[in-house]
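Heads up: the sequence lines are chains A and B, in that order. For the first sequence, numbering that gives the first Met the number 0 assigns the number 0 to the initial residue and increments by one for each residue that follows. For the second sequence, numbering that gives the first Met the number 0 assigns the number 0 to the initial residue and increments by one for each residue that follows.
Everything labelled a hint here was simulated from the structure, so no lab data went into it. Ideal Cβ placement from N, Cα and C applies to all residues, glycine included. If a hint is listed, it holds; no wrong ones were tucked in.
Incomplete in silico selection of chain A near chain B, CB under 10 Å: (1) L9; (2) E12; (3) A21; (4) A22; (5) G24; (6) W27; (7) N28; (8) H29; (9) V35; (10) P59; (11) P61; (12) G63; (13) Q66; (14) L151.
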Amino acid sequence: MNHSNGKIPLVAEMALIVMLAAAVGIGWNHKLLRDVLAGKPVQSAVKKETSPQPATTAAPLPLGLEQAKELFDRREATFVDARDRTAYAAGHIQGARSLPLGEFEAALPRFKGEVKPETTLVIYCNGFDCHDSLDLGGKLIKAGYGIVYVYLGGFPEWKDAGYAVEGGKP
Amino acid sequence: MNLMGRHMISIIRVALGTVFVYAGALKVNDIVAFAGNIAAYQLLPYGASYMVAAVFPWLEIACGLLLIIGWRTRAASALVILLNVIFIVALATAIARGLDIDCGCFKQGGGDKTSAWQALLRDLVLFAAAIAVYLKGTPEKQRSA
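Put together the whole structure using the sequences plus the hints.
So, in C-alpha cells, the structure goes:
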C-alpha cells in the first residue's frame, strides 16, 4: 500500500474520503435536508422515535442573530418572549407571543391551545446574561414541544440590529 | 523508529480513530440537534448548518475507521488534522466573541455541557495526536524506519 508516492496522490485520497462521506451523509439525511431547504419544520430524529412521550432531558438549542432572523423572515417559527409583561409591553420582536417565565404554569394551558406542539419555537429574553429563555425553553420541551430554540442575543441584540420590533398588545 | 515507538504510534492511531468514530456515531443519531449546535457558533447560515451537520459525522466515522484499521492512514490523519483545525478555529472565535455555548463535540442535545475552553484543550490534544500519526504512523514509514 502506497500513499503520497503511489498512484493516488494524498489530496485525491482526501477528496475521495470527503466525497464518500458527503454522499453517505446527504443520502442518509436526504429527507431532512429536503425539508430544511423547502422551509418545512424539522424535528429531532431521537424525539421522533420516543414520541408521543414529551422529552424530559433535552435542552433547547441555542440560536444566533442571523439564524433567528432567517427563521423570522421565512415565517418558520413562533417567537416567544420570556420576559415579564411590562418589558414585553415596552417593546418586543414583531409578532412575538408573551409567555413570562414567572407565569408559565398559569399561562401554559392557553398557550398550548393556541400553539401546536409541532410548531418551531424561538424563545428569547434580555440577551446573553438572561437565562429565562433557556429555563422557559426547557419547560416548553417538557410540556411536549419538540422544536425549541433559544435566541441567545435576545431583544437587545435584535433591536440593535435594526430588525422589526413592535409595541405590546393589551 | 524503534519497536516501542511503533507500538506507541499504533496505540495513538487506534485511540484517535476510536474517538472520531464515537463522536461521529453520537452525532449521526441526532442531526437536528447537531445542526442547532453548529448554528450556535453563528458562523454559518441556517441551511448550511444542516448540510454540515449531515456530512461531518460521516466524515468523522470514515476517518476514524480508516485510522483503526490502518488503511489510508496518511489521508485519514490529514483529514483529522484539517477537521481539528476547523474545530479549533470555531471554538477560538466562540471564546473571542464571548459565546456561552455547548461545543457540540459529542452527545447532542441535553447531557453535560462542555465549555468552549474545555473543548479547545481537548481538540489541541487530538490535533497533536493526528500530527504524530500523520508524520510517523503510515505503514511504509514504519517499514522503512
